[in-house]
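Asks: Chain by chain, the residues run as shown.
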Amino acid sequence: MYPPRFEYSAPRSLEEALDLLAEVGDEGRVLAGGQSLLPMMKLRLAAPAHLVDINRLPGLGSITDTNGEISIGALVRHADVATDPTVAAHAPLLAAAAPWIADPLVRNRGTLCGSVAHCDPEGDWNSLMLAVGATVVATSREGTRTIPIADFVVDFFTNALRPGEMVTEVRVPKAGPRTGGAYLKLERKIGDYATVGVATHLRLDESGRIAQAGIALTSVAPKNLKVTEAEELLVGNEPSDELFAEAAEVAARTCQPTSDVRGPAEYKRAVVRTYTERGLRRALAEARGEA
Amino acid sequence: MTTTVHPKTSPEVGGIGHAVRRKEDDRFIQGAGRYLDDIVLPGMLHMAIVRSPIAHGRIRSIDTSAAEQTEGVVAVITGQMLAEHNLAWMPTLSGDTQAVLATDKVRYQGQEVAAVVATDPYIARDAASLVFVDYEELPAITSPQQALEPGAPVIRDDKEGKTDNVAYIWEAGDKEATDAAFAKADVVVTLDTHYPRSHPSPLETCGALADVNPATGEATIYLTSQAPHAHRTLFALVAGLPEENIRIVSPDIGGGFGNKVPIYPGYVVATVASLLLGKPVKWVETRTENLISTGFARDYHMHGELALTSDGRILAMRASILSDQGAFYADAQPSRFRAGLFHICTGSYDFGAAHVTAKGAYTNKAPGGVAYRCSFRVTEASYLIERLVDNAAWKLGMDPAEFRMKNFIRPEQFPYRSPTGFVYDSGDYHTALREAMKLVDYEGWRRKQAEGHPEGKLYGVGIASFTEVVGAGNSKEYDIAGIKMFDSAELRIHPTGKAILKLGVRTQGQGHETTFAQIVAEELGIPYTDVKVQEGDTDNTPYGLGTYASRSTPVGGAATAVVARRIREKAKKIAAHLLEASEDDLEWEPGRFFVRGTDKGVTIQEVAFAAYTNPPEGLEAGLEDVCYYDPPNMTYPFGSYIVVVEVDPGDGTWKVVDMAAVDDCGVRINPMIVEGQIMGGLTEGFAKANMQWITFDEQGNCIGSNFLDYLVPTAWETPRFKLGATVTPSPHHPLGAKGVGESATVGSPAAYVNAVLDALRRAGHPVENIDMPVLPHRVWGAIQGVAVKP
Numbered sequence: 001m002y003p004p005r006f007e008y009s010a011p012r013s014l015e016e017a018l019d020l021l022a023e024v025g026d027e028g029r030v031l032a033g034g035q036s037l038l039p040m041m042k043l044r045l046a047a048p049a050h051l052v053d054i055n056r057l058p059g060l061g062s063i064t065d066t067n068g069e070i071s072i073g074a075l076v077r078h079a080d081v082a083t084d085p086t087v088a089a090h091a092p093l094l095a096a097a098a099p100w101i102a103d104p105l106v107r108n109r110g111t112l113c114g115s116v117a118h119c120d121p122e123g124d125w126n127s128l129m130l131a132v133g134a135t136v137v138a139t140s141r142e143g144t145r146t147i148p149i150a151d152f153v154v155d156f157f158t159n160a161l162r163p164g165e166m167v168t169e170v171r172v173p174k175a176g177p178r179t180g181g182a183y184l185k186l187e188r189k190i191g192d193y194a195t196v197g198v199a200t201h202l203r204l205d206e207s208g209r210i211a212q213a214g215i216a217l218t219s220v221a222p223k224n225l226k227v228t229e230a231e232e233l234l235v236g237n238e239p240s241d242e243l244f245a246e247a248a249e250v251a252a253r254t255c256q257p258t259s260d261v262r263g264p265a266e267y268k269r270a271v272v273r274t275y276t277e278r279g280l281r282r283a284l285a286e287a288r289g290e291a
Numbered sequence: 001m002t003t004t005v006h007p008k009t010s011p012e013v014g015g016i017g018h019a020v021r022r023k024e025d026d027r028f029i030q031g032a033g034r035y036l037d038d039i040v041l042p043g044m045l046h047m048a049i050v051r052s053p054i055a056h057g058r059i060r061s062i063d064t065s066a067a068e069q070t071e072g073v074v075a076v077i078t079g080q081m082l083a084e085h086n087l088a089w090m091p092t093l094s095g096d097t098q099a100v101l102a103t104d105k106v107r108y109q110g111q112e113v114a115a116v117v118a119t120d121p122y123i124a125r126d127a128a129s130l131v132f133v134d135y136e137e138l139p140a141i142t143s144p145q146q147a148l149e150p151g152a153p154v155i156r157d158d159k160e161g162k163t164d165n166v167a168y169i170w171e172a173g174d175k176e177a178t179d180a181a182f183a184k185a186d187v188v189v190t191l192d193t194h195y196p197r198s199h200p201s202p203l204e205t206c207g208a209l210a211d212v213n214p215a216t217g218e219a220t221i222y223l224t225s226q227a228p229h230a231h232r233t234l235f236a237l238v239a240g241l242p243e244e245n246i247r248i249v250s251p252d253i254g255g256g257f258g259n260k261v262p263i264y265p266g267y268v269v270a271t272v273a274s275l276l277l278g279k280p281v282k283w284v285e286t287r288t289e290n291l292i293s294t295g296f297a298r299d300y301h302m303h304g305e306l307a308l309t310s311d312g313r314i315l316a317m318r319a320s321i322l323s324d325q326g327a328f329y330a331d332a333q334p335s336r337f338r339a340g341l342f343h344i345c346t347g348s349y350d351f352g353a354a355h356v357t358a359k360g361a362y363t364n365k366a367p368g369g370v371a372y373r374c375s376f377r378v379t380e381a382s383y384l385i386e387r388l389v390d391n392a393a394w395k396l397g398m399d400p401a402e403f404r405m406k407n408f409i410r411p412e413q414f415p416y417r418s419p420t421g422f423v424y425d426s427g428d429y430h431t432a433l434r435e436a437m438k439l440v441d442y443e444g445w446r447r448k449q450a451e452g453h454p455e456g457k458l459y460g461v462g463i464a465s466f467t468e469v470v471g472a473g474n475s476k477e478y479d480i481a482g483i484k485m486f487d488s489a490e491l492r493i494h495p496t497g498k499a500i501l502k503l504g505v506r507t508q509g510q511g512h513e514t515t516f517a518q519i520v521a522e523e524l525g526i527p528y529t530d531v532k533v534q535e536g537d538t539d540n541t542p543y544g545l546g547t548y549a550s551r552s553t554p555v556g557g558a559a560t561a562v563v564a565r566r567i568r569e570k571a572k573k574i575a576a577h578l579l580e581a582s583e584d585d586l587e588w589e590p591g592r593f594f595v596r597g598t599d600k601g602v603t604i605q606e607v608a609f610a611a612y613t614n615p616p617e618g619l620e621a622g623l624e625d626v627c628y629y630d631p632p633n634m635t636y637p638f639g640s641y642i643v644v645v646e647v648d649p650g651d652g653t654w655k656v657v658d659m660a661a662v663d664d665c666g667v668r669i670n671p672m673i674v675e676g677q678i679m680g681g682l683t684e685g686f687a688k689a690n691m692q693w694i695t696f697d698e699q700g701n702c703i704g705s706n707f708l709d710y711l712v713p714t715a716w717e718t719p720r721f722k723l724g725a726t727v728t729p730s731p732h733h734p735l736g737a738k739g740v741g742e743s744a745t746v747g748s749p750a751a752y753v754n755a756v757l758d759a760l761r762r763a764g765h766p767v768e769n770i771d772m773p774v775l776p777h778r779v780w781g782a783i784q785g786v787a788v789k790p
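Protein chains in written order, with the numbering used here: chain A, 1 to 291; chain B, 1 to 790.
If you are wondering where the hints come from, they were derived from the structure by calculation, not from laboratory data. Glycine included, each C-beta is placed from N, C-alpha and C at the ideal position. Zero decoy hints are in this set.
Capping the alpha-carbon separation at 30 Å, the derived lysine-lysine pairs in DSSO-like fashion look like this:
1. A:Lys-189 - A:Lys-42
2. B:Lys-722 - B:Lys-23
3. B:Lys-8 - B:Lys-570
4. B:Lys-279 - A:Lys-42
5. B:Lys-438 - B:Lys-395
6. B:Lys-600 - B:Lys-498
7. B:Lys-457 - A:Lys-185
8. B:Lys-655 - B:Lys-722
9. A:Lys-185 - B:Lys-448
10. A:Lys-185 - B:Lys-789
11. A:Lys-189 - B:Lys-457
12. B:Lys-655 - A:Lys-185
13. A:Lys-189 - B:Lys-789
14. A:Lys-189 - B:Lys-722
15. B:Lys-406 - B:Lys-395
16. B:Lys-722 - B:Lys-406
17. A:Lys-189 - B:Lys-655
18. B:Lys-448 - A:Lys-189
Here chain A is said to cover these stretches of chain B; the calculated rule only asks that three of the stretch's residues, wherever they fall, bring their Cβ under 8 Å from a Cβ of chain A:
19. 281 to 291
20. 649 to 657
Modelling step: build the complete structure from the supplied sequences, incorporating the hints.
Replies: Written out as structure tokens, the structure reads:
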């Protein structure tokens, strides 16, 4: 496994990194955990001319609790998300999903922000981000802007970053009372990409009706797919098995799976239906404090 | 049959039956093993291979100029250059030919077309992408059925007069007797199933480091080889090099599983490059190269039929095979049978007649047909009969355990001659199955199954009661290029009582350095820690055929026991001299001769010292000997595996909730190593049943070319196993031992598949077959009653 030749820089400050990124433009790539980028380079599927290694930048490795949001820095590894007490307390869906990202080796190196920026439709994090309504913080020499996740995920391996920008953090709303969620992932083995992944998230109002709903799907469309129609169907209603079955039907109808070695499209559609139903039931039980 | 064997030696001596820790692991667990890619020689060059991106095409031209002009590139080698030395083609182990570097056509994706030699591996890889090959693309044939259609393009047009894609046709058994038995049958059960293409995928990929001395012509070739001596002779025969000038060194091997039995084009090209350039040339495959071009395994399309009486007796069996051989027929097997030992497919059952037909087809896929942790197609055979037997029990409404018990060969029938001509040495199949049923609580699981799963999942119980045939082989029936399948051991006892044992076999992780030292410990009483085991260097070990097909203990182990006994005979003469007694008055206990009825004695260490310092008059000095052992028969290990699964009908996933494996491999030399082998094999069997295969798209692109698509289970997926043992010694092996390396890979796949099918059938889904791997979408399709692809 011998990648093609490339330049490598390891800046010591964010400012220096942003200067470099502006300089190298399209030829450059940010290296954080490298768990997707380096294998692609070794397989000669990617050949960036210049890697900007951000691992030495200060201040990007922390998870902080700020004004109703949890902020996850660009150097926070998947394994940190799985074990961090702040995440466990205020974003339990992320804590529960983190152990399903790849395998332990990848989780120790790979970063949540890197995965979000990668926009691989088979990546898990963006479904979770779409379900909970996260915000991406992008920084360049021109300054910092926040991008809602639904706008950030543009298409197949395509995000909304502008040239010279990098993701510096992802912000996730804190889960209040009466919320619950689930990430159900069908994979052939640990470390495999999802055959199908379904993220569900519910918040109930005081009367027990659904106040907020998030459903997003992995690996069944050219990008992680937010099922807005199903979410709208749920909001304002009393949760019930019939309602969940209807929402699951919408998710199954909306997704656009393709047939491949992981299974035919009709099968993946059936799993989307099953997992959406199961996920919503599990989210409800958690929101009601039964799980 | 017994279930325990008590060691005769002390734990310090560590003879047979002691589960001592593996001596070799000290270096392996510290990362101090020395594998091929660790070896660095002065002035060493690096080679990368240019491979075909398409499955079938005629080569119009090859432009090497850009690669040659790259700084650091020393040479670019093409098939045309090899042809000038008559080396563009080489023989396979099945009597076919294989292109070393393609000259006329490419016949599979990943085929070797050219090689770049450079001063570092990065440059070699960069320059390989600058070799431009102009192909005229031809239609790809991706299945044997397609290959045999009339008018299909002829893949092997290099073979003069070849007008079809048939690689071989073969049959075994008695057709007439079988037809007669089928005519009398009350019920006939059939099964059509594909044993998919898989790959041994050892942790270490294949490679070579060739070092030809330009002055002396001596060629030292470091090779990832399971059979260094056989490879030396084949190098001599193919390349025309004088055999005394060839030294093959097989360093530490990171797993072989049959993948390192064949000679690959890369080995030959690296050697030619070193010969031409006068410098050492290293070639090491990437993972993708290993998966797409080196020896695959299985890929058998099988049809089986059992003739049955209505009360559950098997009368006869028919089997027909269509094998997908890829572009070159290169089954790595030493028998004179075209489909290896497939005709052992009557398995553990006693019935009168069987008939087997087999046809092999060329396709535009990589060649191979290696025995991946298998004794030459016994894996496919065992899978077919164990699946058929379960289908038979299902169709007759019988319990599959009861059906097996009724049809097993009975203990008093051994040695048992099978309808296709194998002579099983020993066995007790009823006891092994009973032990497995106890270990897993078979009745208990059947009760739980009848009660139903608390969460609506489906319980299933599957059995496989396999019989293996290992230890090739007797010299009458087995050879490689005419070289008989014996194996050898040379034992030298040093003056201080320590020993070195040199073997013709080659460990790849099986624990030879411990197991064979324990055999010496058993026979001579020298502590196993005092016995160094050496293998792999052809200049320093006696000739042997190598390690594969569970043959090391049956053949190399027998040679070790025999040579140690010969040394003990000589030691006895020296002991008599030292004790001033007659040989007839001496008794042996492990490690010591003593005069009968006295406490006067000498230890083996004292005898060893005397062999060099004070030998008796008329006896040659020294204490060493060599044995070439020709086994009288194969050994036939067996066992019963029972798997319990739960199937989720919502998504078609299944997981193993209980599993018991009772193995009988005769006398176990190191029970811990044996159990390690079994657990590894059960895991590999699970992989094949659950997730693992190599498939191709319609253009012949290989799907399964890296570990993203070719799945290897982790500790997370791997079931927990309960292991049990029975001990039925082999009557013809000097230690009563049988081979065990492959039992679990051979036996277990059918048990997993039978368990999933049992779950579906008992839930009311009449499913005849699901091909391996039993992927969730296939299970889901079976439950829905819809056909799913792939």
